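Participant: Residue-level listing of the chains:
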Amino acid sequence: MSEEIIKAEGLTKVFNKHLTAVDHVNFSVKHGEVFGFLGPNGAGKTTTINMLITILKPTEGKASVLGFDIAKHPDAVRNVIGVVPQEYTADEDLTGLENILLCADLYGIPRNIAKERAMDLLKLVELTDFKDKKVQTYSGGMRRRLELACGLINRPNVLFLDEPTLGLDVQTRTATWEYIRKLKKEFGMTLFMTTHYLEEADSLCDRVAIIDHGKIVVVGTPEDLKHSLGGDIITLSIKEDTDVSDLILSVEHVKEVKNEDGSYRVKAEYGEVTAPFVIEALRRKGYTVTKLSLTEPTLNEVYLEYTGKSMRDTEESQEAFRTQRMTMRRARA
Amino acid sequence: MSKMNEYHPSRFHGIWALTKRELKKWLNEPIILLMAVLQPIIWMGLFGKAMNLGNMFSSSNINLNTPVIPIPGRFLIPPQSGDIYGNIYINSTALSQTFSSIGPTIMRNIFGVTDYFSYMSVGMISFIVLFTTMFSGMSIVWDRRLGFLNKVLSTPVSRAAIIFSKVLNASFRAMFQATIILILAVIFGLQVSATFSPINILLLYAAIFLLCLGLSSVFLALALRSTKWETQMAIVNLINLPLMFASNTFFPISQMPSWIQAIASVNPISYLTDAIRQLTVYQLSASSVMFDFAFLGVFAAVFSFIGIALSWRYLTK
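Protein chains in written order, with our numbering: chain W, 7 to 339; chain V, -1 to 315.
No lab work stands behind these hints, which were simulated from the structure alone. Nothing here was measured: the structure is a model prediction, and the numbers come from that model. Here a beta-carbon is modelled for each residue, glycine too, at the ideal position from N, C-alpha and C. Don't take every hint at face value.
Just the calculated beta-carbon pair ranges, DEER-fashion [stated by the list, open to error]:
(1) W:R187 / V:A232: 47 to 53 Å
(2) V:I39 / W:Q142: 46 to 52 Å
(3) W:K121 / V:L200: 32 to 38 Å
(4) V:A204 / W:K139: 50 to 56 Å
(5) V:G43 / W:V176: 54 to 60 Å
(6) W:K63 / V:A284: 33 to 39 Å
(7) W:D135 / V:F194: 44 to 50 Å
(8) V:W140 / W:G73: 33 to 39 Å
(9) V:P255 / W:K139: 55 to 61 Å
(10) W:Q142 / V:N235: 27 to 33 Å
(11) W:G236 / V:W140: 50 to 56 Å
(12) V:F289 / W:K68: 50 to 56 Å
(13) V:A284 / W:P116: 44 to 50 Å
With a cut-off of at most 25 Å between alpha-carbon atoms, the simulated SDA-like pairs for lysine to any residue come out as follows [to be verified]:
(14) W:K63 / V:R143
(15) W:K121 / V:L21
(16) W:K78 / V:T314
(17) V:K22 / W:R117
(18) W:K139 / V:L25
(19) V:K23 / W:L103
(20) V:K226 / W:E98
(21) W:K140 / V:M254
(22) V:K22 / W:Q142
(23) W:K137 / V:K23
(24) V:K22 / W:I119
(25) V:K22 / W:L100
(26) W:K139 / V:W14
(27) W:K23 / V:Y312
(28) W:K23 / V:T229
(29) W:K140 / V:P28
(30) W:K23 / V:A307
(31) W:K139 / V:L21
(32) W:K23 / V:T225
(33) V:K18 / W:L128
Isolated chain W (complex conformation):
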């Protein structure tokens, strides 16, 4: 199935007449796909998601979700989507179950059906034991899972996740990915997510759009994006003193070989498949490989290639964001 679930054409949002947050982006998301927007804070990810979930009006261009125009039929869109926002939006003074039932009410789901679905969802995100506890007693990971459950109460065709693991520690983040995978498998829906974590995009997304300064710089599967950089790096040494650069270069998929004082730096496509062939070729000529290592390019390199800056450069603003978040949590408490 290659039905286009989300389609954006020239989607643009300008704030206060001069701040262009999203600048003529075009993309489409296919049925059943996990589509990720990857970019630093302020790149326009949340603005894009907010337009798609109909809480922001586009300044220019158009977009549709399941064929419903987001500007012309926002209510139709709202009915078929689920949203897991960046913030913890669950009401802290209510219990987990009460929060899910509140969401159900907002979709007009009758109480008996809502209860049934809520119990199923709580089981799925493993919060059944905590359903009658107030949300203020929940940990960050539990809150995330509750948000996921709330986002699914209307059995959405498309689930929008805005920075689903922002501010979570590494273990909780990995666990949250597991829940997202499980949910996707269970409901077979289409997922649109934003993230600024490279590993997250790499591990969860079928296709990634790298967005910077409101523009999509490149779209593709994580694999394709990495390959587009020209391949992996194989570093190897041999026992003998002879220069074997030409021999290595003759192996299929090898792009480039550099001899750096007896250590060869080989740039090759599909590194893990090519490496054994390189070893084989050398052995056939009587050389002995003493050391070999393989470095696959990560999305960080992809990101660096396309945006001209490392993801690490954006960490400072992440820190600022976390501080702001802490202030907000204190304010809530």
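Using the hints provided, position chain V relative to the given structure of chain W.
Facilitator: What follows is chain V alone, placed relative to chain W:
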């Protein structure tokens, strides 16, 4: 493909769900409930009892040192008790008795009741309505800041329902507090008039509801675009006391300078206060009550319409 959501929220469903959320939050917080009860007690105690206006006009405040007080003669025909110059002499005990009956008359003419407590404790209901509705604006600012508003906006629930649930919540809270004030006021010595009947209570709630509707729409409209609760706080602090004192809540309008009278006569709080007084402590005048209701009704209709229109326009940026 998973099945599409086959349900659509009815207007009422969404409003009720959101109102329930607010009320639950409120009921879950015993401290807030306790404060809601304590606040009117303190105000009634301090304001209603500390300044005993009724006592001011009594004989004990007239210095009668001499047993006989000469009143210079102005009489063409000297009264029997007067001397040959026309001066009369009044026994101070008699004068004191006269004043005792003048006091309540003055009170009745100015305040409409003989004790200030009955006058102001009923005014406290308007005071509570104003304060409760003012903070309805704050809650939408918080919902926006904490992301809850965005989540609600991404659901098919009507935008008007979001605003209206806040209005309803403020109204319920104000009515609850009004009930407490009424009960307490009766315990502390409120004297209801002869025209009071249980049906008046229903009318009283209707009047309170109308003002809640209008006022919370005003404050919500002010808060719709705001992301800073400080701004909202500043607005509330600036206008709460002027609105309160430029009305008949604590002091009668007839005794105010004309410029305050002008404000008080368009201040909807005056109309609620008058309606409540008519229904409880005054001799009921049907025409006054009808006028109060008409004013409150128009105020509520105009501002809730504006509030809902603005919510459609401004909730989606």
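Participant: Next step is simple, just say for each hint if it's right about the structure.
Facilitator: Against the structure, the hints come out as follows:
1. Taking the beta carbon of each, W:R187 and V:A232 are about 48 Å apart, inside 47 to 53 Å as hinted.
2. Taking 46 to 52 Å as the suggested C-beta distance range, the pair V:I39 and W:Q142 does not conform, at roughly 30 Å.
3. Between W:K121 and V:L200, the C-beta spacing of about 36 Å keeps the proposed range 32 to 38 Å intact.
4. Between V:A204 and W:K139 the beta carbons are some 40 Å apart, a value that contradicts the proposed interval 50 to 56 Å.
5. V:G43 and W:V176 have their C-beta atoms about 58 Å apart, which keeps the hinted 54 to 60 Å range intact.
6. The hint said 33 to 39 Å for the Cβ distance between W:K63 and V:A284, and at roughly 51 Å that hint is violated.
7. Between W:D135 and V:F194 the beta carbons are some 55 Å apart, a value that contradicts the proposed interval 44 to 50 Å.
8. With their beta carbons about 36 Å apart, V:W140 and W:G73 fall inside the hinted range of 33 to 39 Å.
9. Checked against the hint of 55 to 61 Å, the C-beta distance between V:P255 and W:K139 comes to roughly 58 Å, which is consistent with it.
10. Between W:Q142 and V:N235 the CB atoms are about 29 Å apart, so this pair conforms to the stated range of 27 to 33 Å.
11. At about 51 Å, the beta-carbon gap between W:G236 and V:W140 stays in the expected band of 50 to 56 Å.
12. For the pair V:F289 and W:K68, the beta carbons lie near 53 Å from each other, so the given range of 50 to 56 Å is met.
13. For V:A284 and W:P116, the Cβ-Cβ distance of about 46 Å falls inside the hinted range of 44 to 50 Å, so the restraint holds.
14. At roughly 19 Å between alpha-carbon atoms, W:K63 and V:R143 fall within 25 Å of each other, so this suggested pair holds.
15. Restraint check for W:K121 and V:L21: satisfied, since their Cα atoms lie roughly 21 Å apart, inside the 25 Å limit.
16. Taken as a hint, the W:K78 and V:T314 pair is honoured in the structure, with Cα atoms around 13 Å apart against an allowance of 25 Å.
17. A threshold of 25 Å between alpha carbons decides the hint, and for V:K22 with W:R117 the separation of about 17 Å falls inside it, so the pair holds.
18. Using a Cα cut-off of 25 Å, the hinted pair W:K139 and V:L25 holds, with the two alpha carbons roughly 16 Å apart.
19. Of the supplied pair hints, the one linking V:K23 and W:L103 holds, its CA atoms being roughly 14 Å apart against a limit of 25 Å.
20. As the CA atoms of V:K226 and W:E98 are separated by approximately 20 Å, the hinted pair is consistent with the 25 Å bound.
21. For the hint linking W:K140 to V:M254, the alpha-carbon distance of about 52 Å lies beyond 25 Å, and the restraint is violated.
22. A threshold of 25 Å between alpha carbons decides the hint, and for V:K22 with W:Q142 the separation of about 15 Å falls inside it, so the pair holds.
23. Between W:K137 and V:K23, the direct Cα distance comes to roughly 17 Å. Compliance with the 25 Å bound is thereby established for this hinted pair.
24. Our distance criterion of 25 Å between C-alpha atoms is met by V:K22 and W:I119, whose separation comes to about 22 Å.
25. Of the supplied pair hints, the one linking V:K22 and W:L100 holds, its CA atoms being roughly 8 Å apart against a limit of 25 Å.
26. Taking the CA atoms of W:K139 and V:W14, the gap is near 23 Å; set against the 25 Å cutoff, the hint holds.
27. Under the criterion of a C-alpha separation no larger than 25 Å, the hint pairing W:K23 with V:Y312 is consistent with the structure, at around 17 Å.
28. A hinted pair counts as satisfied when its Cα atoms are at most 25 Å apart, and W:K23 with V:T229 qualifies at roughly 24 Å.
29. Straight-line distance between C-alpha atoms of W:K140 and V:P28 comes to about 15 Å, which keeps the hinted pair within the 25 Å bound.
30. With a C-alpha separation of about 24 Å, the suggested pairing of W:K23 with V:A307 holds against the 25 Å cut-off.
31. Taking the CA atoms of W:K139 and V:L21, the gap is near 18 Å; set against the 25 Å cutoff, the hint holds.
32. Pair hint W:K23 plus V:T225 holds up; C-alpha atoms about 20 Å apart against a cutoff of 25 Å.
33. Of the pairs offered as hints, the one joining V:K18 and W:L128 holds, with about 22 Å between alpha carbons and a cut-off of 25 Å not exceeded.
The structure fails hints 2, 4, 6, 7 and 21 (numbered hints given earlier, in ascending order).
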